[in-house]
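Colleague: Here's the letter readout for the chains.
Protein chains: 2
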Amino acid sequence: MTTPDPFAVDPWGVVEHGFDLAGQARAESVFALSNGHIGLRGNLDEGEPHGLPGTYLNGVFELRPLPYAESGYGFPESGQSVINVTNGKLIRLLVDDEPFDLRYGEVRGHQRSLDFREGLLRRSAEWTSPAGRTVRVTSQRMVSLTQRAVAAVEYTVEAVDGPVRIVVQSELVANEQLPLGDGDPRAAAVLEAPLAAELRHAAGSKAVLVHRTRFSGLRVAAGIDHVIEGPGRVDTTAESSEDQARITATTVLKAGERLRLVKFIAYGWSATRSLPAVRDQVEAALTAARYTGWDGLVDEQKEYLGRFWSDSDIEIEGDVELQQAVRFALFHVLQAGARSEERAIPAKGLTGPGYDGHSFWDTETFVLPVLTYCLPAAVNQALRWRHTTLPMARDRAAQLGLAGAVFPWRTIRGEECSGYWPAGTAAFHIGADIAAAVVRYIRATGDLEFERAYGLELLVETARMWRSLGHHDAHGRFRIEGVTGPDEYSAVADNNVFTNLMAQSNLRSAAESATRHQFEAAALGVDTEEAAAWRDAADKMFIPYDEKLGVHPQADGFTDHQLWDFEGTPPEKYPLLLHYPYFDLYRKQVVKQADLVLAMQVRGDAFTQEQKVRNFNYYERLTVRDSSLSACTQAVIAAEVGQLDLAYDYTAEAALMDLRDLGGNTRDGLHMASLAGACIALVAGFGGLRDHDEHLSFRPRLPSGLQRLAFSMAVREHLLRIDITHATTTYTLLRGGVLPILHEGESLRVEKGRPVVRPTQTPQTPAERAVQPPGREPARRHGQAGVQVGTVDHLPAE
Amino acid sequence: MTTPDPFAVDPWGVVEHGFDLAGQARAESVFALSNGHIGLRGNLDEGEPHGLPGTYLNGVFELRPLPYAESGYGFPESGQSVINVTNGKLIRLLVDDEPFDLRYGEVRGHQRSLDFREGLLRRSAEWTSPAGRTVRVTSQRMVSLTQRAVAAVEYTVEAVDGPVRIVVQSELVANEQLPLGDGDPRAAAVLEAPLAAELRHAAGSKAVLVHRTRFSGLRVAAGIDHVIEGPGRVDTTAESSEDQARITATTVLKAGERLRLVKFIAYGWSATRSLPAVRDQVEAALTAARYTGWDGLVDEQKEYLGRFWSDSDIEIEGDVELQQAVRFALFHVLQAGARSEERAIPAKGLTGPGYDGHSFWDTETFVLPVLTYCLPAAVNQALRWRHTTLPMARDRAAQLGLAGAVFPWRTIRGEECSGYWPAGTAAFHIGADIAAAVVRYIRATGDLEFERAYGLELLVETARMWRSLGHHDAHGRFRIEGVTGPDEYSAVADNNVFTNLMAQSNLRSAAESATRHQFEAAALGVDTEEAAAWRDAADKMFIPYDEKLGVHPQADGFTDHQLWDFEGTPPEKYPLLLHYPYFDLYRKQVVKQADLVLAMQVRGDAFTQEQKVRNFNYYERLTVRDSSLSACTQAVIAAEVGQLDLAYDYTAEAALMDLRDLGGNTRDGLHMASLAGACIALVAGFGGLRDHDEHLSFRPRLPSGLQRLAFSMAVREHLLRIDITHATTTYTLLRGGVLPILHEGESLRVEKGRPVVRPTQTPQTPAERAVQPPGREPARRHGQAGVQVGTVDHLPAE
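Top to bottom, those sequences are chains A and B. The first sequence maps to residues 1 to 798 in the UniProt record's numbering. The second sequence maps to residues 1 to 798 in the UniProt record's numbering.
One or more of the hints may lead you astray.
The list makes no distinction among identical chains, and a pair is therefore deemed to hold if it is satisfied within one copy or across any two copies.
Claimed, not checked - Simulated crosslink set (DSSO-like; lysine-lysine; CA at most 30 Å straight-line): (1) 612 / 588; (2) 612 / 302; (3) 573 / 254; (4) 302 / 752; (5) 588 / 302; (6) 588 / 573; (7) 588 / 548; (8) 254 / 612; (9) 206 / 254.
FYI, nobody ran anything at the bench for these hints, they're computed from the structure. Predicted, not measured: the structure shown is a model, and the values here were computed from it.
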């Protein structure tokens with residue numbers, strides 16, 4: 001599924017040379033800009049040609065009916081789909097009446113680049129029109145990380161020969177026509193013309209359009225304002241119609257002259273506020289942006305990112321492609337979470353319409369563990385969003401006959417939108433995943449105010465769910481039956497080990513939190529009997545184990561199941577779910593994604609080292625990695641059991657998922673969990689970080705392909721730097737007082753100005769490499785062998 | 001859900017006195033006439049008021065898309081729904097310009113009756129129009145059991161006072177408007193105007209309409225012809241439009257005079273034949289019917305039914321209501337199967353649109369076991385229909401990655417139409433159910449020609465499916481995993497005992513049949529190695545057993561599951577599937593319908609008597625009977641384990657399902673499996689018939705409420721009569737040579753003219769009555785207590 005690689009390797013950015021029409025959609029995802037509130041796909045300024053035009057606002061969706069050939073009680077009737085909102089980034093250019101369009105005329109040069117330290121998408125093009133006129137177009141686009149409602153574009157057109165008549169149309173366009181979907185259920189449902197016009201206004205250099213979604217009833221306002229500079233006379237006009245507003249600048253340029261246009265774009269939306277309120281909000285944001293000015297916005301952006309990289313960079317020596325990929329990953333994870341602010345972080349961030357714009361367990365399990373140690377405020381916001389959805393989750397629990405709260409498998413606003421319950425509703429582990437994220441955040445930040453106001457209730461309501469979902473059997477064991485774990489090639493099984501272990505933590509954490517906050521717990525109706533019942537269920541939690549094979553079955557009976565016929569499965573039959581029925585996948589030993597292996601990461605305390613080795617090797621034979629939520633976890637445990645080269649291979653796969661389009665669907669948006677997972681693979685895999693106990697614990701070890709790995713972690717008031725080479729690991733405290741940590745089980749106290757150095761343990765004899773299903777081995781990554789690394793400027797020449 | 005009882009008790013028929021508008025739809029099902037090819041609901045002659053107008057042709061359906069909120073590989077994309085075809089039974093009457101309509105004017109008398117020995121639906125009404133004119137209307141309607149394409153109505157109107165102007169419009173109407181569905185997924189999807197007009201013709205007393213379904217491309221022709229007799233001048237006109245043809249007779253009647261109209265109706269349909277061919281077929285059928293004449297058709301019908309009752313009646317003494325119900329059951333089972341002729345027998349027969357007109361395992365498991373011993377030719381036809389669908393079943397198997405044939409869970413033509421795979425595709429036992437019906441038919445008839453031409457291939461292809469679906473585990477046990485058994489409150493479990501035992505029989509029968517027909521088997525590619533593999537899988541079939549509880553779990557792990565909270569489930573929450581999610585039903589111990597208990601009936605040889613007792617009592621506590629496919633089976637095993645009064649209660653429930661509308665959905669059509677099941681409950685329950693070995697075996701015993709039970713069975717050339725009282729059981733051979741049978745395990749040889757009499761064994765101390773979930777106990781039926789029995793003529797007074 002890999003398409004030819006259009007992006008050069010650069011440790012601090014992504015550069016595209018030339019223009020590949022076929023790869024547009026993929027490049028639009030890679031070059032997407034977002035602050036977690038606004039998302040702009042990397043569409044060309046002039047709108048066409050495009051792969052998939054996309055402008056998203058976090059939380060703006062349309063409802064659509066969920067149909068069933070045979071319905072059943074509790075099947076959700078209504079789904080939520082992210083919509084492409086009013087496009088504010090559109091700037092069309094006419095050169096002597098001919099539209100600037102890369103499909104016509106002659107493209108003499110085209111380059112786009114994204115620098116992770118700047119947060120700007122830069123573009124430069126030199127183009128000769130069919131009539132023979134040549135212009136140079138440059139643009140810089142940003143979505144502000146400091147001004148949440150604002151995006152901006154600096155657009156310059158220069159006449160190479162002249163005089164030439166130049167018309168620039170800077171637009172707002174609602175209800176853009178979208179390409180038809182291809183029927184893959186993983187791609188978003190296309191919603192045609194979801195926006196109904198409410199208000200339009202254009203005057204001077206400014207225009208506003210307000211629309212409303214037809215069924216979800218959300219009001220969306222988009223506004224633009226401009227600063228236009230030209231060498232001579234520049235005429236501007238302002239026009240608007242229902243779905244379009246346009247500011248037009250017209251001038252004549254002589255050779256070497258330039259027309260420069262700065263476009264400020266602002267968005268606002270609300271489910272409740274009035275038309276004037278939403279309009280005013282957008283106009284205020286425009287005014288503030290204009291006041292800051294283009295250079296001011298650029299400076300703010302650089303400063304914000306400077307702080308981020310200074311505190312959160314992951315440095316790698318020995319593999320510049322991996323270095324690029326992990327910074328790409330961190331940058332996009334930052335973009336997804338920075339300003340989501342009581343909204344969900346979708347599986348694709350705001351980079352594309354994949355998975356209908358839904359959030360899954362991906363957020364709490366992969367994205368938040370990364371943000372916790374670099375942008376904890378974003379985690380606070382993301383979990384507060386979950387908290388706002390508690391009324392819906394309680395309703396869902398009641399509908400399902402359960403106590404507490406049942407969080408949705410997939411959603412935008414909070415209601416369950418999963419139309420296939422064995423892989424949706426039955427994946428109850430989402431509740432424990434949220435609880436684990438709550439506990440991690442509180443432990444990492446010490447934010448007791450959050451715990452009191454939000455965390456406790458999330459822990460209590462999920463614990464109540466587990467207590468009512470499970471039951472004690474005749475032997476006193478607490479069993480959780482008929483649920484689906486992470487592996488989507490199994491469903492509705494009994495005592496999924498991952499689920500039971502996560503539920504165990506959830507129950508214990510809720511009891512502990514209720515003890516810490518007795519008044520608040522009492523207000524939630526928790527008494528000591530209820531907390532005791534949680535502790536008892538946790539203590540008696542049944543964890544199946546196959547004595548015969550000496551491994552944990554993923555769920556009851558799993559190891560008795562027939563083995564998938566891997567030898568008889570040709571490469572073109574992957575991903576299996578598109579070629580084999582669920583009934584066959586579910587009943588056989590075949591694993592889509594780490595499940596028991598993920599349990600060994602997040603609940604490493606529940607397994608002996610020998611069990612980890614045996615389990616890992618057992619499940620490696622069964623795991624086909626048809627999900628992007630797998631390689632990173634396999635990397636972490638591979639590293640733990642000493643298979644460092646294998647861990648390296650998996651790390652690279654997770655990191656390159658989108659830059660190399662390994663899944664063939666980067667066009668629909670980036671895989672946030674895989675990107676975050678690449679960071680996890682490095683930090684928890686090679687860094688050996690575990691955070692399931694009170695103190696952070698490290699067991700650093702490097703694969704032969706890397707010379708050095710260094711990363712930082714924000715923990716409460718501390719900033720800890722970990723610098724790993726094959727010889728030594730150095731723990732340096734950059735901020736804060738004494739921080740107790742564990743290194744290879746040894747308690748260390750790290751103080752500012754007194755780095756602690758320990759030898760890095762390298763296995764004497766490397767562990768034997770586990771075997772994967774034939775054809776499903778990760779690509780080998782021995783150093784740089786086989787990878788072509790180009791040397792490029794990370795800033796394109798203008 | 002029980003509605004007030006409109007039908008009087010009569011041992012040989014159903015009589016309705018008066019007219020109950022609210023109960024119309026139910027009465028239309030009860031009074032439905034069919035020969036298995038044509039089905040006419042008991043709509044009033046004048047069409048309105050109606051509950052649900054219905055005219056069905058076996059095999060005529062329309063395609064409709066099956067939608068999925070989230071689709072998956074192998075989900076069927078297209079469904080099949082029975083359609084209401086051209087209505088030929090419509091006869092409107094105008095009395096001095098006022099339409100005869102029971103909702104207006106005054107109904108002075110109204111009676112309908114169906115006599116099981118005649119096969120005629122008789123009606124008489126005396127009605128005074130709003131203008132004060134009184135007429136007497138009588139009609140008799142039939143669907144011919146001897147002329148497959150023909151139905152007929154004799155319609156008479158008599159002036160009570162006069163003179164009165166009478167207009168009779170005898171019509172054909174296509175695309176009748178249907179009432180909207182109520183959203184219950186069990187009711188049929190309403191398909192609006194499914195018929196596109198192709199030809200219309202009306203002249204003299206005759207009219208024909210030909211239509212074609214839009215998507216399934218089936219051509220349907222309907223024709224009518226008339227004999228009209230009146231005392232004076234009768235003018236007739238013939239008209240037609242696209243969706244209507246009308247023959248109108250106009251006359252003036254003096255008081256006491258009558259207009260009589262005989263309407264012959266013929267239907268034909270084809271997926272392949274030309275318009276003229278289908279039209280000619282209908283006109284030929286009309287000509288033949290007219291040649292036979294009304295009296296001739298009535299005589300043929302009586303003769304046919306006389307033979308049927310003479311050979312197949314089930315006689316009961318001591319419970320006239322049950323006597324009526326079981327004859328009602330036999331009559332409708334006969335109607336469903338008599339002339340289906342290489343078409344499916346739907347779950348509702350041709351009595352209503354319920355379940356979209358689909359056939360399920362009901363046919364082979366409940367209906368065919370009854371027809372095998374009274375109308376074996378119908379079984380031959382029904383199984384030949386399955387044989388015709390083998391290409392589709394082979395395609396489905398290939399799609400699912402299996403060998404052999406996978407028959408659909410629900411279908412009209414043969415393609416899988418189940419839109420929810422855990423309760424559809426996963427119910428692989430359908431294949432073994434078909435195989436068991438094949439084996440029973442061959443054993444009962446000795447029809448080796450059928451076996452050679454059809455049966456062998458059905459056995460081979462289903463055996464191949466089982467061999468590829470199951471696998472040998474490390475202990476050499478043959479396991480069948482991830483399948484759904486009969487109980488629809490469990491799904492996708494491992495080693496369902498019913499499924500595994502049925503598969504075992506299937507595999508063995510295929511090997512035996514291949515041995516009997518070596519040349520034909522070789523032509524199907526069966527070699528001795530393959531047959532050996534079937535025998536081996538059968539011998540090693542894994543049957544789970546819970547040693548701790550001393551019962552068979554329905555499937556692996558079932559007895560470890562949490563018990564359903566029966567005490568906490570109020571009556572209004574039944575049927576559970578409409579009030580609880582599948583996830584919760586599936587993971588708990590709650591049983592919708594006999595599953596393990598059915599295994600004990602059809603594979604009684606695989607259980608010890610003690611196991612039967614323990615299993616039955618265990619599963620009685622769990623079985624809520626939310627399916628009509630349960631009471632009959634519970635009756636059979638209750639009788640076997642000596643709980644005769646309980647067996648009697650269940651028998652009555654099965655038998656009265658439709659006459660008393662116990663499920664509240666008789667309006668959508670009759671429950672053929674429950675009706676057939678009532679016969680099974682009597683014959684296999686109180687008669688103790690088992691037919692899973694070479695010779696028929698009986699263990700007769702009667703509940704205290706019955707004085708006598710007698711029934712006949714056609715076995716090869718024999719007709720055996722079994723007559724059971726509390727004292728003795730008498731085996732009489734009415735036809736054929738010596739027949740070896742077993743009575744209480746004793747081998748008997750029954751010869752013509754030499755009845756064998758044996759004492760009927762009655763348990764000394766009645767077994768303790770099993771306990772059912774609270775509120776789900778069957779209604780007690782101690783003799784006739786509490787049942788109101790009216791005495792009525794079975795023929796209505798004209």
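Colleague: Are the CA atoms of residue 206 and residue 254 at most 30 Å apart within a copy, between copies, both, or neither?
Modeller: This pair counts as within: shortest intra-copy Cα distance 27 Å, inter-copy 89 Å.
Colleague: With 30 Å as the alpha-carbon cut-off, assign the pair residue 588 and residue 573 to within, between, both or neither.
Modeller: Classified as within: same-chain Cα gap 16 Å, cross-chain 36 Å, threshold 30 Å.
Colleague: Between residue 612 and residue 302, at a C-alpha cutoff of 30 Å, which is it: within one copy, between copies, both, or neither?
Modeller: Neither, since 44 Å and 78 Å both go past 30 Å.
Colleague: If the cutoff is 30 Å on CA atoms, where do residue 573 and residue 254 land: within, between, both or neither? Let me know, please.
Modeller: For residue 573 and residue 254, neither the intra-copy (59 Å) nor the inter-copy (81 Å) Cα distance is at most 30 Å.
Colleague: How would you label the pair residue 612, residue 588 (within, between, both, or neither) given a Cα cut-off of 30 Å?
Modeller: within (22 Å within a copy, 32 Å between copies)
Colleague: If the cut is 30 Å between Cα atoms, do residue 588 and residue 548 qualify within a copy, between copies, both or neither?
Modeller: Both. Shortest intra-copy (19 Å) and inter-copy (28 Å) distances satisfy the 30 Å Cα cut-off.
Colleague: With identical chains treated as interchangeable, where does the CA-CA distance between residue 254 and residue 612 reach 30 Å or less: within a copy, between copies, both, or neither?
Modeller: Intra 71 Å, inter 100 Å, cutoff 30 Å: neither.
Colleague: Is it within, between, both, or neither for residue 302 and residue 752, if the alpha carbons may be no more than 30 Å apart?
Modeller: Answer is within; shortest intra-copy Cα gap is 27 Å, inter-copy 105 Å.
Colleague: When Cα atoms must be at most 30 Å apart, do residue 588 and residue 302 count as within-copy, between-copy, both, or neither?
Modeller: neither (52 Å within a copy, 58 Å between copies)
Checked against the numbered hints above, the structure violates hints 2, 3, 5, 8; every other hint is satisfied.
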